[in-house]
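**Student:** Residue numbers (my numbering), protein chains in the order written: chain P, 4 to 257; chain S, 46 to 331.
Careful: at least some of the hints might be erroneous.
What the hints assert, rightly or not - Quick list of the computed label-pair ranges, beta carbon to beta carbon: (1) S:222 x P:28: 36 to 46 angstroms; (2) S:317 x P:225: 38 to 48 angstroms; (3) S:293 x P:24: 55 to 65 angstroms; (4) S:73 x P:66: 27 to 37 angstroms; (5) P:66 x S:291: 48 to 58 angstroms; (6) P:181 x S:227: 18 to 28 angstroms; (7) S:144 x P:96: 15 to 25 angstroms; (8) P:70 x S:222: 42 to 52 angstroms; (9) P:24 x S:189: 20 to 30 angstroms; (10) S:183 x P:16: 27 to 37 angstroms; (11) P:96 x S:190: 25 to 35 angstroms.
Unchecked claim - Every beta carbon over 10 angstroms from chain P, so not counted as near; a handful from chain S, in silico: (12) 56; (13) 82; (14) 95; (15) 96; (16) 102; (17) 104; (18) 108; (19) 127; (20) 182; (21) 187; (22) 194; (23) 204; (24) 229; (25) 254; (26) 322.
To be verified - A short, non-exhaustive set of chain P residues, derived as facing chain S with CB atoms under 8 angstroms: (27) 11; (28) 51; (29) 53; (30) 100; (31) 114; (32) 138; (33) 170; (34) 242; (35) 246; (36) 250; (37) 252.
These are calculated hints, taken from the structure and not from any lab test. Note that beta-carbon positions come from the ideal geometry of N, C-alpha and C, so glycine has one too.
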Amino acid sequence: MSRSGTAYLWGVFAFLYLPMVVLLAYSFNESPYGSSWDRLGWEWYRRLADDPLLIEATLNSLMVALLSASLATIIGTAGAVGLCLYAFRGQAFFHGLLMVTLMAPEIVMGVSLLVLFLALKIPLGFGSLLLAHITFCLPFVAVTVFSRLKDFDSRLIESARDLGASEAQAIGHVVLPLALPAIGAGWLLSFTLSLDDVVVSFFVTGPDFEVLPLRIYSMVRMGIKPEVNALATLLFGLSMALVILSQRLLGRKL
Amino acid sequence: MRLSEAMLTAGRGLLPVWLLLFTLVPLLMVLAVSLLTRDETGFITPEVTLENYRRLFDPFYLKVFTDSMAMAGLATLLCLGLAYPFAYLLSRVGLAWRGVLLTLVIVPFWTNSLIRIYAIRSLLAAKGAMNSLLLALGLIDEPVRLLYSGWAVGLGLVYVLLPFMILPLYSSFEKLDRRLIEAAADLYAGRWAIFRHVIVPLTAPGIAAGCLLVFLPALGLFYVTDVLGGSRNLMIGALLKDQFLEARDWPFGSAASLIVIVGLFLLMGVYRWAQRWAGTGAVDDV
Chain P
4 MSRSGTAYLW GVFAFLYLPM VVLLAYSFNE SPYGSSWDRL GWEWYRRLAD DPLLIEATLN
64 SLMVALLSAS LATIIGTAGA VGLCLYAFRG QAFFHGLLMV TLMAPEIVMG VSLLVLFLAL
124 KIPLGFGSLL LAHITFCLPF VAVTVFSRLK DFDSRLIESA RDLGASEAQA IGHVVLPLAL
184 PAIGAGWLLS FTLSLDDVVV SFFVTGPDFE VLPLRIYSMV RMGIKPEVNA LATLLFGLSM
244 ALVILSQRLL GRKL
Chain S
46 MRLSEAMLTA GRGLLPVWLL LFTLVPLLMV LAVSLLTRDE TGFITPEVTL ENYRRLFDPF
106 YLKVFTDSMA MAGLATLLCL GLAYPFAYLL SRVGLAWRGV LLTLVIVPFW TNSLIRIYAI
166 RSLLAAKGAM NSLLLALGLI DEPVRLLYSG WAVGLGLVYV LLPFMILPLY SSFEKLDRRL
226 IEAAADLYAG RWAIFRHVIV PLTAPGIAAG CLLVFLPALG LFYVTDVLGG SRNLMIGALL
286 KDQFLEARDW PFGSAASLIV IVGLFLLMGV YRWAQRWAGT GAVDDV
């Protein structure tokens, strides 16, 4: 590659990463307005641990993320296997609907689910949030598993059936093990999406169930707070760890 | 065995049922509510009207829509301009390094975008790193106001949404058969002709998918204007937030959100057309 090409690649990476690196550096700067760099330490991280509202929001978020990722993974995987291995009526329609759900901007999902929940008189809070998070995670799981199974050799199922396996056994012992890395990656992506979502959660949660991104939103709106730097650094580190894990699962070389 | 067969059937059916109930039905309900009248008590009465659509053309709202579309369009073009050469170059990097670089593109995609917007805010703040740098370099004598402008909002949108443009484009470039470029060169096509008639058509699905994934969210990310632009730059996302959660004018909010929903279906149509033009998919593999 030409030298200017390499420089361009690094330039874009610098644009993507420099603001985060600056934030990380400031998170260890203990002087109140970050005006000087003579006191470094963990002060802002300690303050995070002493913020009861933040701890509660974090626990709420983790609970919703674990549950919605797991349920979305089960439903999404079953759906992807169904779309891949069987022909059924309206298949093209459902594939299209899956794409609409995948590409719908969060604001559309937030508004339309809010209308649905209020019409069905589902109270806004943990339950509505969980349903909404499962909905936006589902297509990511289904598409990840689907693209893994797309090149699946259907003769493998036929041989399993010829050897006496039932349909369920063939799927359980042949198809699912092959799809397992993609299922794992789909779960990780769902977990992250749920933990990060601001827009949909803003519309569909109630006042008594606050989640981490909304807590951060109110902290940020109140002005620059050094604790946010520390929190951002922690979440950024978590995202990076999860991405690396998922790339390993999908067998992409790192 | 019969039980597991039944579970199998039920499992397969769950996804279509879920999508019907939580994607299709809510969208149709938004459409229905947009045709109804607002109730004095803050809810809706089943009285059919086109009044909500007429109000969309009120000069105040019209300006919000055109301003948001201009801002989102600008962010989309900037992302495309930055990401297109980037995705091409990334697809040319040797396999040993490409995995690492691709991971570096995916990390921001997986990171909370509110936090990434906050990073931009603290960079541009009066006492932030950008002002400190400019002061240290002697380019300015006192901190300048970088926040609370259309430029700050544009920068924030590009920063947050750039990975959503890069990934589908990269997927298209990765699939691009280099022999087609060689064949075009053998047939005496110039660089511009190769770009215009070979590379662009073959990467069209990536371009369409990337534009969809940048333009529509840019319309809806209400916290970007909140955190970077103050309240002066009202965008569609902030308008919807106000109408649904504060003013509680659901019929009008629904009518306004149909602008984004119609945009979604239009752009998905463009994406399908681009796929057929190039004969491949891009989003299925992201």
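**Student:** All the hints need checking, so say for each whether the structure fits it.
**Tutor:** Hint by hint, here is what the structure shows:
For residue 222 (chain S) and residue 28 (chain P), the Cβ-Cβ distance of about 44 angstroms falls inside the hinted range of 36 to 46 angstroms, so the restraint holds. Range check, residue 317 (chain S) to residue 225 (chain P): Cβ separation about 44 angstroms, and the 38 to 48 angstroms hint holds. Our hint of 55 to 65 angstroms for residue 293 (chain S) and residue 24 (chain P) is violated, since their Cβ atoms are close to 43 angstroms apart. For the hinted restraint 27 to 37 angstroms between residue 73 (chain S) and residue 66 (chain P), the CB-CB distance of approximately 31 angstroms keeps it satisfied.
The hint said 48 to 58 angstroms for the Cβ distance between residue 66 (chain P) and residue 291 (chain S), and at roughly 28 angstroms that hint is violated. Distance hint check for residue 181 (chain P) and residue 227 (chain S): the Cβ-Cβ separation is about 36 angstroms, which falls outside the suggested range of 18 to 28 angstroms. Between residue 144 (chain S) and residue 96 (chain P) the beta carbon distance is about 37 angstroms. The supplied range of 15 to 25 angstroms is therefore violated. The supplied range of 42 to 52 angstroms is met by residue 70 (chain P) and residue 222 (chain S), whose beta-carbon atoms lie about 44 angstroms from each other.
At about 23 angstroms, the CB distance of residue 24 (chain P) to residue 189 (chain S) agrees with the hint of 20 to 30 angstroms. Hint check: residue 183 (chain S) to residue 16 (chain P), Cβ distance near 28 angstroms, so the stated range 27 to 37 angstroms holds. Roughly 52 angstroms separates the CB atoms of residue 96 (chain P) and residue 190 (chain S), a value that falls outside the hinted 25 to 35 angstroms. Some Cβ of chain P comes within 10 angstroms of the Cβ of residue 56 (chain S); the nearest lies about 3 angstroms off, and the non-interface call is violated.
Residue placement check: residue 82 (chain S) keeps its beta carbon more than 10 angstroms from all beta carbons of chain P (closest about 15 angstroms). Consistency note on residue 95 (chain S): stated as away from chain P, and its beta-carbon is indeed over 10 angstroms from all of that chain's, at 19 angstroms minimum. Distance check for residue 96 (chain S) against chain P: the nearest CB is about 18 angstroms away, which clears 10 angstroms, and the non-interface claim stands. For residue 102 (chain S), the shortest C-beta to C-beta distance to chain P comes to about 20 angstroms, beyond the 10 angstroms cut-off, and the non-interface label holds.
Annotated as non-interface, residue 104 (chain S) keeps its C-beta farther than 10 angstroms from every C-beta of chain P; the closest such distance is 23 angstroms. Against chain P, the non-interface label of residue 108 (chain S) holds: every CB pair exceeds 10 angstroms, the least being about 19 angstroms. Residue 127 (chain S), annotated as away from the interface, has a beta carbon of chain P within 10 angstroms; the closest lies near 6 angstroms. Remark: the non-interface label on residue 182 (chain S) is consistent with the geometry, its nearest Cβ contact in chain P lying 16 angstroms away (cut-off 10 angstroms).
Residue placement check: residue 187 (chain S) keeps its beta carbon more than 10 angstroms from all beta carbons of chain P (closest about 14 angstroms). With a closest Cβ-Cβ approach of about 17 angstroms to chain P, residue 194 (chain S) is found to remain outside the 10 angstroms limit, as its non-interface label requires. The beta carbon of residue 204 (chain S) is not kept farther than 10 angstroms from every beta carbon of chain P, the shortest such distance being approximately 7 angstroms. Against chain P, the non-interface label of residue 229 (chain S) holds: every CB pair exceeds 10 angstroms, the least being about 21 angstroms.
Remark: the non-interface label on residue 254 (chain S) conflicts with the geometry, its nearest Cβ contact in chain P lying 8 angstroms away (cut-off 10 angstroms). Remark: the non-interface label on residue 322 (chain S) is consistent with the geometry, its nearest Cβ contact in chain P lying 17 angstroms away (cut-off 10 angstroms). Using the Cβ-Cβ criterion of 8 angstroms, the hint placing residue 11 (chain P) at the interface with chain S is satisfied: the shortest such distance is roughly 6 angstroms. With its C-beta approaching chain S no nearer than about 14 angstroms, residue 51 (chain P) sits outside the 8 angstroms limit, and its interface hint is violated.
With a cut of 8 angstroms, the hint placing residue 53 (chain P) at the interface with chain S is violated, because the nearest CB-to-CB distance is about 21 angstroms. Residue-level restraint check for residue 100 (chain P) holds (minimum Cβ-Cβ distance to chain S is 5 angstroms; threshold 8 angstroms). Here the hint on residue 114 (chain P) is kept, as its CB sits about 5 angstroms from the closest CB of chain S, short of 8 angstroms. For residue 138 (chain P), the interface hint holds, since its Cβ comes within 8 angstroms of a Cβ in chain S; the closest pair sits about 4 angstroms apart.
Among the interface hints, the one on residue 170 (chain P) holds; its C-beta lies about 6 angstroms from the nearest C-beta in chain S, closer than the 8 angstroms criterion. With its C-beta approaching chain S no nearer than about 4 angstroms, residue 242 (chain P) sits inside the 8 angstroms limit, and its interface hint holds. With a least beta-carbon distance of about 5 angstroms to chain S, the hint placing residue 246 (chain P) at the interface is held under the 8 angstroms criterion. Satisfaction of the interface hint for residue 250 (chain P) is found here, the shortest Cβ-Cβ separation to chain S being roughly 5 angstroms, below the 8 angstroms cut-off.
Taken as an interface hint, residue 252 (chain P) does not check out: its beta carbon lies about 13 angstroms from the nearest beta carbon of chain S, beyond 8 angstroms.
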